[in-house]
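Could you build all of it, start to finish, from the sequences and the hints given here?
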Amino acid sequence: MNSKINSQDKDLVKKETLVETEGLVKAFKVKKSFFSEAKWIYPVDRISLRIFRGETLGVVGESGCGKTTLGRTILRLLEPNDGKIYFDGKDITNLPHSELRSFRKHMQIVFQDPYSSLNPRMTIYDTLKRPIRIFKLCDKDNEPELILNTLRSVGLDKQHLLRYPHEFSGGQRQRIAIARALISKPQFIVLDEPTSALDVSVQAQIINLLCELREQYKLTYLFISHDISIIKHVSNRIAVMYLGNIVEIGPTDSVFCNRFHPYTKLLISSVPLPDIRKRMELRIDTSEVPSLLKKFDGCKFFDRCPYRAKKCEVSEPTFYEVEAGHFVKCYLYESMQTGGAQS
Amino acid sequence: MDENKNEKLERYSTLRVVLRRMKRNKGGIAGLIVVLIYFVIAVIGPWIVPYHPDEPDFESALMPPNPKHPFGTDLFGRDVLSRVIAGARTSFTISIFAVALAVFIGLVIGTIAGYVGGWVDEVLMRFLDIFMAFPEILLAIAIVAILGPGKINIVIAIAVFSFPSFARITRASVISVKSNDYVEAAKAIGESDMSIMLRYILPNALSPVVVQATLRMGTAILTISSLGFLGLGVKAPEAEWGTELAMARSYLESAPWLSIFPGIAIVLVVLGFNFLGDALNDALNPRLKDR
Amino acid sequence: MRSTQDSRIGKLEQRVIKLKLLEIRNLKVYFNTEEGIVKALEDVNLEIDKGEILGLVGETGCGKSVTVLTVLRLLSNASTISGQVLFEGQDLLKLSEKEMLKIRGKEITMIFQEPMTSLNPVFTVGQQLMDVIQLHMNLDKKRALERAIEVLKLVKLPDPDYIVNKYPHELSGGMRQRVMIAMAISCEPKLIIADEPTTALDVTIQAQILGILKHLKEQLGVSILIITHNLGVVAQICDRVAVMYSGYVIETGTVAEIFQHAVHPYTRGLLKAIPPIEEKVERLNVIPGNVPNLITPPSGCRFHPRCERYKDGVCNAQAPSLRQLTETHTYMCYNPYLPEGVVEEVNV
Numbered sequence: 001m002n003s004k005i006n007s008q009d010k011d012l013v014k015k016e017t018l019v020e021t022e023g024l025v026k027a028f029k030v031k032k033s034f035f036s037e038a039k040w041i042y043p044v045d046r047i048s049l050r051i052f053r054g055e056t057l058g059v060v061g062e063s064g065c066g067k068t069t070l071g072r073t074i075l076r077l078l079e080p081n082d083g084k085i086y087f088d089g090k091d092i093t094n095l096p097h098s099e100l101r102s103f104r105k106h107m108q109i110v111f112q113d114p115y116s117s118l119n120p121r122m123t124i125y126d127t128l129k130r131p132i133r134i135f136k137l138c139d140k141d142n143e144p145e146l147i148l149n150t151l152r153s154v155g156l157d158k159q160h161l162l163r164y165p166h167e168f169s170g171g172q173r174q175r176i177a178i179a180r181a182l183i184s185k186p187q188f189i190v191l192d193e194p195t196s197a198l199d200v201s202v203q204a205q206i207i208n209l210l211c212e213l214r215e216q217y218k219l220t221y222l223f224i225s226h227d228i229s230i231i232k233h234v235s236n237r238i239a240v241m242y243l244g245n246i247v248e249i250g251p252t253d254s255v256f257c258n259r260f261h262p263y264t265k266l267l268i269s270s271v272p273l274p275d276i277r278k279r280m281e282l283r284i285d286t287s288e289v290p291s292l293l294k295k296f297d298g299c300k301f302f303d304r305c306p307y308r309a310k311k312c313e314v315s316e317p318t319f320y321e322v323e324a325g326h327f328v329k330c331y332l333y334e335s336m337q338t339g340g341a342q343s
Numbered sequence: 001m002d003e004n005k006n007e008k009l010e011r012y013s014t015l016r017v018v019l020r021r022m023k024r025n026k027g028g029i030a031g032l033i034v035v036l037i038y039f040v041i042a043v044i045g046p047w048i049v050p051y052h053p054d055e056p057d058f059e060s061a062l063m064p065p066n067p068k069h070p071f072g073t074d075l076f077g078r079d080v081l082s083r084v085i086a087g088a089r090t091s092f093t094i095s096i097f098a099v100a101l102a103v104f105i106g107l108v109i110g111t112i113a114g115y116v117g118g119w120v121d122e123v124l125m126r127f128l129d130i131f132m133a134f135p136e137i138l139l140a141i142a143i144v145a146i147l148g149p150g151k152i153n154i155v156i157a158i159a160v161f162s163f164p165s166f167a168r169i170t171r172a173s174v175i176s177v178k179s180n181d182y183v184e185a186a187k188a189i190g191e192s193d194m195s196i197m198l199r200y201i202l203p204n205a206l207s208p209v210v211v212q213a214t215l216r217m218g219t220a221i222l223t224i225s226s227l228g229f230l231g232l233g234v235k236a237p238e239a240e241w242g243t244e245l246a247m248a249r250s251y252l253e254s255a256p257w258l259s260i261f262p263g264i265a266i267v268l269v270v271l272g273f274n275f276l277g278d279a280l281n282d283a284l285n286p287r288l289k290d291r
Numbered sequence: 001m002r003s004t005q006d007s008r009i010g011k012l013e014q015r016v017i018k019l020k021l022l023e024i025r026n027l028k029v030y031f032n033t034e035e036g037i038v039k040a041l042e043d044v045n046l047e048i049d050k051g052e053i054l055g056l057v058g059e060t061g062c063g064k065s066v067t068v069l070t071v072l073r074l075l076s077n078a079s080t081i082s083g084q085v086l087f088e089g090q091d092l093l094k095l096s097e098k099e100m101l102k103i104r105g106k107e108i109t110m111i112f113q114e115p116m117t118s119l120n121p122v123f124t125v126g127q128q129l130m131d132v133i134q135l136h137m138n139l140d141k142k143r144a145l146e147r148a149i150e151v152l153k154l155v156k157l158p159d160p161d162y163i164v165n166k167y168p169h170e171l172s173g174g175m176r177q178r179v180m181i182a183m184a185i186s187c188e189p190k191l192i193i194a195d196e197p198t199t200a201l202d203v204t205i206q207a208q209i210l211g212i213l214k215h216l217k218e219q220l221g222v223s224i225l226i227i228t229h230n231l232g233v234v235a236q237i238c239d240r241v242a243v244m245y246s247g248y249v250i251e252t253g254t255v256a257e258i259f260q261h262a263v264h265p266y267t268r269g270l271l272k273a274i275p276p277i278e279e280k281v282e283r284l285n286v287i288p289g290n291v292p293n294l295i296t297p298p299s300g301c302r303f304h305p306r307c308e309r310y311k312d313g314v315c316n317a318q319a320p321s322l323r324q325l326t327e328t329h330t331y332m333c334y335n336p337y338l339p340e341g342v343v344e345e346v347n348v
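Going down the list, the protein sequences come from chains A, B and C.
Quick note: the first sequence uses our numbering, first residue 1, plus one each step.
Quick note: the second sequence uses our numbering, first residue 1, plus one each step.
Quick note: the third sequence uses our numbering, first residue 1, plus one each step.
Among these hints, one or two may not hold up.
Derived EDC-like pairs (lysine to aspartate or glutamate); straight-line CA-CA distance at most 20 Å [as the list claims (entries may be wrong)]:
#1 A:K185 x A:E99
#2 C:K190 x C:E282
#3 A:K136 x B:D193
#4 A:K31 x C:E170
#5 A:K29 x A:E99
#6 C:K280 x A:D227
#7 B:K178 x A:E99
#8 C:K214 x A:D275
#9 C:K272 x A:D275
#10 A:K218 x C:E282
#11 B:K178 x A:D82
#12 B:K187 x A:D126
Examples of chain B residues lying across from chain A (beta carbon under 8 Å, computed) [unchecked claim]:
#13 D129
#14 A133
#15 A185
#16 A188
#17 E191
Bear in mind the hints are in silico, worked out from the structure with no lab data behind them.
Just so you know, even glycine gets a beta-carbon here, dropped at the ideal spot from N, CA and C.
Here it is, written out as structure tokens:
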């Protein structure tokens, strides 16, 4: 059984939890052909985590790890199959959509693909007007002002209001998507690979913008990305995901320097560094990322793990707290357990 | 500021791009011209006919084309040109209402099936299958036979066999549009399902429907004429190209002009809609590729 | 001091003693479109030597894909192509289609970005490999199969005898990319062009593919032109780098020269825009503005509207010519960041 992350550290306990999940599960049915049996995959497999108010939690992992599914499930854009979601202390897991709406004001999302996240048939003005109308953010007279101010805060201006998305570049579209997320003055924003589809120079602009807005509006971010250098730059804490599980979660610097979990080691060492003095040892083995369809009794990383032991194959490890607020799901650290881990 | 000062900021809408692309398609332009002429004749028909289309003149019966009657006269002495012009109005009104009705029903069914999915989708698709199992013309004949002749019944008959294809196309288009992030984004800002369907999905799913509607106009006109030819069409003495052809059947050798002109009219108009529909298809697809 | 066009080229030629494997000179490619003439490439100069890996770096719209497609003569709709593409001294732009067929797949091969769509789904891996081998190498079926298995081994695929009978959809993305690489080396090419070969792959698989490419260069002596926007990839496996911006190669040099003392403001901006993995910074370095419109590009140097070293009247008047810092380090800029103590050498 996966364990609820239970921190003993005083500093973290003082921090206020804004978003929390308990054993969150999201499953999809997969059918290979009409005649085969339906199988289930679990991109979100019993995830329990806490996101503290004001922090940026980075989620990193490769394809199939479930990070995108996690982001959407927390916002209930996908309905969870099991587990609980808490926002600001309130259980929003099973709220009917009419009641959920008042929470949506505070929890927003920015998507990865700037070319498909804006309605091609709506002008920018219309796109930004919708949340105002739905959440009743202001009265009709003040609407244009609110829209223009929000647009200005992301670096665009009046002349852009009546244009359509196809008249903008990728970076500008992403700014518009950010404006849409900001307009309801949310507390929490899920950023789902917000810069992955952009060029390097535009990426930097958007990252800077997100960091400025975070300061200005005291936002809490769940920042999902496969780009480790960006995650490191923006996050306070990092969660490493593998095949639906969080395998390591802790403060950014600690995760980066220590790389406790074998997968974290593999992942971070695979990133090609733009530094010619640090040429990587490029292994040419063929370990593959297994598909979510594969069933494991024990640890999911067993096949690829250089440190595997018999007990890893048989049963799944729980979280062990290796440092204050830093948890690793690996038997290697069983003896390092400093506090209690509840099942 | 983010903007490159050298950029010429050109505002262009869907319409402008589509028109520009259509200009390149010669067939499409020809089709468009034919359709427009058809539309104009249908509207101003009653004011431009040289003779009243239903007025008989037995002295001038069965006259070949001549300066007084450019298309000749039929066995009742009615001016064929006037009857062809009047026929345009008849077929136009029936077909436009029939296609509009089919589109409406198809949009509703297709959007619900595509958006909701699951068993609702299954049930609706099987319901459509029932209608699609019949050959279109047979279905039309059956309905007119049951309901009786008359314009409204023909409208119903055509709409009944046409709506399933609109439903299918809408559903496919909706399913494709649904996968875009902006639909998820709409959910994230609290939009209701109805609002999502009307504001986000439908406007983006319409292109294939527009193409199909254009092509269907041709089919509808052909069906009206077929029913007319079979004697199940509009009641006499109302002018309609198909009924004209039915009457002309016995006179194929003796008075060929009675079949030629209504026949050409049918062919031209149906071809016109087909060419226009094809050109629209190419122009709308790939849609504004803005990467 | 400025010199004229002719003496520029003359002096460059003097420094080039041996024949390079591939030399692109003054390549210009324009496209006629609905909206106007797209000036995709204006003046591209590039060279690759035998047995080296050259990284071609640039962002969207810089022209890197157009450049390699022009080399392989795979562009069907260009309205203007001028300049030279010299492969072992022969100008590929002047060859007939029949002659190009002997080059493509044999002398110069290509690996694409999407391993999912580059392989034909209805043929097995073995069949596709053997097709290429039999086409160019004149081997019978048995020997072609042997060769196919041999190249699959070269890319370190496990159980090549088993893989040879698999269909593409039965293999993972990383394996498919290895098959693509195997196809690319099967006929002993002199040059492999890899267009963003790892962009669509997971980072752990990417590391493996980069390792294979480097290993192949060392083992077979094949040259590789790798297109990428990822400077990390460049730093790890390339020998030399060419940086493109809006239709020009604005800087070329060895990996050390580019990473340690790039001179062009764009190259520097690009290097600084990457979040550093070692230190912590407050803000990422940003190149303001957007990539220029290729139909109405800025006058003179296309980078000038975004450049922090812009000199009015100079940079917007005429595009800069090719200049040389060292034998290997060239650039196109009127106001570069020259290393201390270096007097600008403008002789090209």
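A quick look at each hint next to the structure:
1. For the proposed pair K185 (chain A) and E99 (chain A), the alpha carbon gap of about 18 Å is at most 20 Å, so the pair holds.
2. A hinted pair counts as satisfied when its Cα atoms are at most 20 Å apart, and K190 (chain C) with E282 (chain C) does not qualify at roughly 46 Å.
3. Taken as a hint, the K136 (chain A) and D193 (chain B) pair is honoured in the structure, with Cα atoms around 18 Å apart against an allowance of 20 Å.
4. Proposed proximity of K31 (chain A) and E170 (chain C) is supported: the alpha carbons are some 16 Å apart, at most 20 Å.
5. At most 20 Å may separate the alpha-carbon atoms for a hinted pair to count; K29 (chain A) and E99 (chain A) exceed this at roughly 28 Å.
6. For the hint pairing K280 (chain C) with D227 (chain A), the CA-to-CA distance comes to about 16 Å; that is within 20 Å, so the pair holds.
7. Taken as a hint, the K178 (chain B) and E99 (chain A) pair is broken in the structure, with Cα atoms around 24 Å apart against an allowance of 20 Å.
8. Of the supplied pair hints, the one linking K214 (chain C) and D275 (chain A) holds, its CA atoms being roughly 17 Å apart against a limit of 20 Å.
9. The hinted pair formed by K272 (chain C) and D275 (chain A) meets the criterion: a straight-line CA distance of about 12 Å does not exceed 20 Å.
10. Taken as a hint, the K218 (chain A) and E282 (chain C) pair is honoured in the structure, with Cα atoms around 17 Å apart against an allowance of 20 Å.
11. Proposed proximity of K178 (chain B) and D82 (chain A) is contradicted: the alpha carbons are some 25 Å apart, above 20 Å.
12. Simply put, K187 (chain B) and D126 (chain A) have alpha-carbon atoms about 16 Å apart, close enough for the 20 Å limit, and the pair holds.
13. Given hint, D129 (chain B) at the interface with chain A, is violated; its Cβ is 18 Å from that chain's nearest Cβ, farther than 8 Å.
14. Taking 8 Å as the C-beta cut-off, the interface hint given for A133 (chain B) is violated, the closest approach to chain A being about 22 Å.
15. Nearest Cβ of chain A to the Cβ of A185 (chain B): about 6 Å, under the 8 Å cut. The hint holds.
16. Interface hint status for A188 (chain B): upheld, as the beta-carbon distance to the closest one in chain A is roughly 5 Å, under 8 Å.
17. Because the smallest distance between the Cβ of E191 (chain B) and any Cβ of chain A comes to about 6 Å, under 8 Å, the interface hint for this residue holds.
Hints 2, 5, 7, 11, 13, 14 from the list above are not met by this structure, while the remaining hints are.
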